[in-house]
Amino acid sequence: MNFSRGFNNMGSPHLPPENTVGKIMLQVLLALLPGIAAMTWFFGAGILIQIALSVLFAVSLEWAMLKLHGKPVRLFLSDYSAVITAILFALCIPPLAPWWISLIGMIAAIVVAKHLYGGLGQNVFNPAMVAYVVVLIAFPLELTRWLPPRGLAEAELLPGLLQSLQTIFSGHLPVNLSWDAITQATPLDLLKDGVEQNRMISEIRRAPVFGNYGGRGWEWIANFYALGGIWLIWRRVISWHIPVAIIASVIILTLPAWLYDPSSNPIPLEHIFSGALVLGAFFIATDPVTGCASRRGKLIFGLGVALLTLTIRLWGGYPDGVAFAVLLMNMFAPLIDRYTRPRAYGKPR
Amino acid sequence: MAQRPTDNIGKYLHNFPGGLKLRHHKALSCCKPLPARYLPLSTEYCIPVSQHLGQPAEVVVSVGQQVKKGQALSTPGKTGNAPGAFVHAPTSGEITAIEKRPVPHPSGLNSLCIVLQPDGKDRWVELEPVDDYRKLDCDELIQRVQAAGIVGLGGAVFPTDIKLQGTSCLINTLILNGVECEPYISCDETLMKQAPGKIIEGALILCHVFKIEKVIIAIEDPMDVCNLELEQSISEFNAGDCVEVIRVPMLYPEGGERQLIQVLSGHEVPAGQLPISLGILVQNVATVAAIRDAVIDGIPLIERLVTVTGAGIREPQNVHARIGTPIADLVDFCGGYTAGIARLVMGGPLMGLGLRNDQLPIIKASNCVLALTHADITSTQPEMPCINCGNCVSVCPAGLLPQTLQTVIRAENFEALESLNLDACIECGCCDYVCPSHIPLVDYFRYGKGEQRAQAKEKQESDIARLRFERREQRLEKQQAERLARHQRRKRALAGSSSKKDSVAAAIARAKARKQVLAANQPDTNSETGKGENS
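Which chain is which? The protein sequence lines are S and D, in order.
For the first sequence, our numbering begins at 8 and goes up steadily by one.
For the second sequence, our numbering begins at 5 and goes up steadily by one.
If you are wondering where the hints come from, they were derived from the structure by calculation, not from laboratory data.
Ideal Cβ placement from N, Cα and C applies to all residues, glycine included.
Don't take each hint at face value.
Said to hold, decoys possible - Using C-beta positions, here's what the derived DEER-type ranges look like:
hint, chain 1, residue 1, chain 2, residue 2, range
1, D, Thr411, S, Thr318, 30 to 36 Å
2, S, Leu266, D, Glu235, 39 to 45 Å
3, D, Trp128, S, Arg242, 57 to 63 Å
4, D, Thr342, S, Leu123, 47 to 53 Å
Based on the provided sequences and hints, a complete structural model is requested.
Given below as structure tokens:
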């Protein structure tokens, strides 16, 4: 019998955690799939090409930056955080945007926003939103070329997979098409312009890009994002606080105006089911690194995102404001965390 | 009358913040067999003198001395008001050595042990049972508990007599802690099934002596069978009107004293205070059973139930082991190790102490010997940066921000730890267990606490040094002032008597007088001059 044997006597606890960063990110990826599928259904294969491009650029840049930093490459690539960043970015840009939009976006996200700040866990700003805002400000023309969703007459003209590839890499549409013929103002664009021209909401909503409660196609995409997001909450990958705070705040903040004058103020559902709000509520604002950690902090963070998004949508220069709102709230996150510390056991507040 | 925190205790269950639902693993060892078996005599017992929280005890035996089972080997000594506890011989035999040996202690340092070679006869010292505990008063009970060397058997090993001393008349509720919230450990559950009467009788003794109105036995939800055993025993003792069994939901670390109080009463024990401030006394069920043995039978604490379990043990079970038994003997009794054994732990998997080898003795704090395999302890990922996910915040029962504490400790910003309430951390390990980045948070907190203590000590020492310096300065200043004052007094005195000119004139006058005297009477010169100078 082996009596006196040495054991590894490290400190407690002796059970290793079951969760890993990679597992969390993988579940986020899975949760995005229904939304991606819906997006592809409504806007064509361009979405998938953009995702593939962004992921390729993001992973290559991540690899290069890890090498430069001298960090373990395999370990950090297998946390999938770069892949998530790439996909979230790709879902925000028009499906036929030229390839270099992705490249510039991913340089902004992975090199600048992530690794120049110290890599995973150190970044102050949400990398995907930094990328989106950079390309949105630098290349407004390319970023407004949104396609008509399936179900509209114009959508019949949309290029197929090969033609999309050609368009993305050459920057030119096939000869039989022109940007003017196929690009379409998004519901939020129309809404913004219409309200500025003092037109009635019911009149604005007669445009074919509007659906039952949001934008045509967009409302369904939002539903599928929400489906994935609710699965994440159920799996406890994200907590309910931020998504609920954002969506509830949007409803509460827009409800009075709509009740007061429904002819010039859109119904709250319109705000939720257009633009990037649902995607932002479940997948972007819930980025742990750049958000708040305490529960009350998360609620305040969500409220802030909703407030800023609506402010930009209603009074700002851009039709949607989720990206700017998230970035602005990223700046506030440490301060919010500072003032929402939970009370320690047995201590006065 | 104002409402007391204990008035509605146990009526509703409350929540404590955070906590974890963990896999139980108790069926491995619980009640296999019932009653638990006694370990045969070992060839040698090594009894550490310091098994409790507080001062080391004073050894009262010498090498070569024959001792009987239950004889006191060391006493708390006269160490002032620091707590201490008796240690007794687990069997009869000869003291072969009193020396420093390895003991199960986080420091890993050797500590003074009394080594006992059994003679195999297992003869008791003369025991002094009490016929009727109702005749005992407070002091007698405390004195008996002290003499029996009883300490908190839940793991804190605080001397029970000291805990009771502070208690007298202030408490109205006794909580018996049977919530073994850590996975794997099942010795308390086994005890509750095997000897519920001992627990109830022990509780009744405390009730009688301290005039306690209500006893709550808190057990975990899945322990439903032991609920029945306890209820049956309560009715046997006709104690139904004051003793109540309450099942609390299974949530780690609910067995922590302060967490359990929060669950049962909804009140928090204020920081820096004891449960007495709420009128509550919490005792582990095994401690109460030991009090009963000490009072009714006069038996000191020389053995305890130990859970020997884990995937690394062939036949996991609970055993009665004498204090001082080498852990290897327990493992042997339970069929030895399995092939995959990688880590040996004294206590549970979340708060237990990792042991270097199995030659260490069982001590009063040893509720569990846990053998974990490679599969149990191998991490699937190396440590990664914190991603601020907040999982640690949501599971922390103390309401702390582990991720912030960790960054502050990494930055060696120890001054900030106080405002972040690191002292409230109970090192339960919940944050560690949920961290997706596999950061050893509790290790950081232990380090931070150590640094905090070191800094506090340094500050205390520098305060003393500064005080000493200031006193010295004051003293010197005072001396200087005195010297100056004396000087000035003398100066003033001199100035008052005569000015310089006068004194010169006086000297001349004296000299003249002397000359005259000299002329008149030559032999008396010396005495005259002396007089003149003194005037």
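A quick look at each hint next to the structure:
no., hint, in the structure
1, D:Thr411 with S:Thr318: 30 to 36 Å, "holds, 32 Å"
2, S:Leu266 with D:Glu235: 39 to 45 Å, "violated, 59 Å"
3, D:Trp128 with S:Arg242: 57 to 63 Å, "holds, 60 Å"
4, D:Thr342 with S:Leu123: 47 to 53 Å, "holds, 50 Å"
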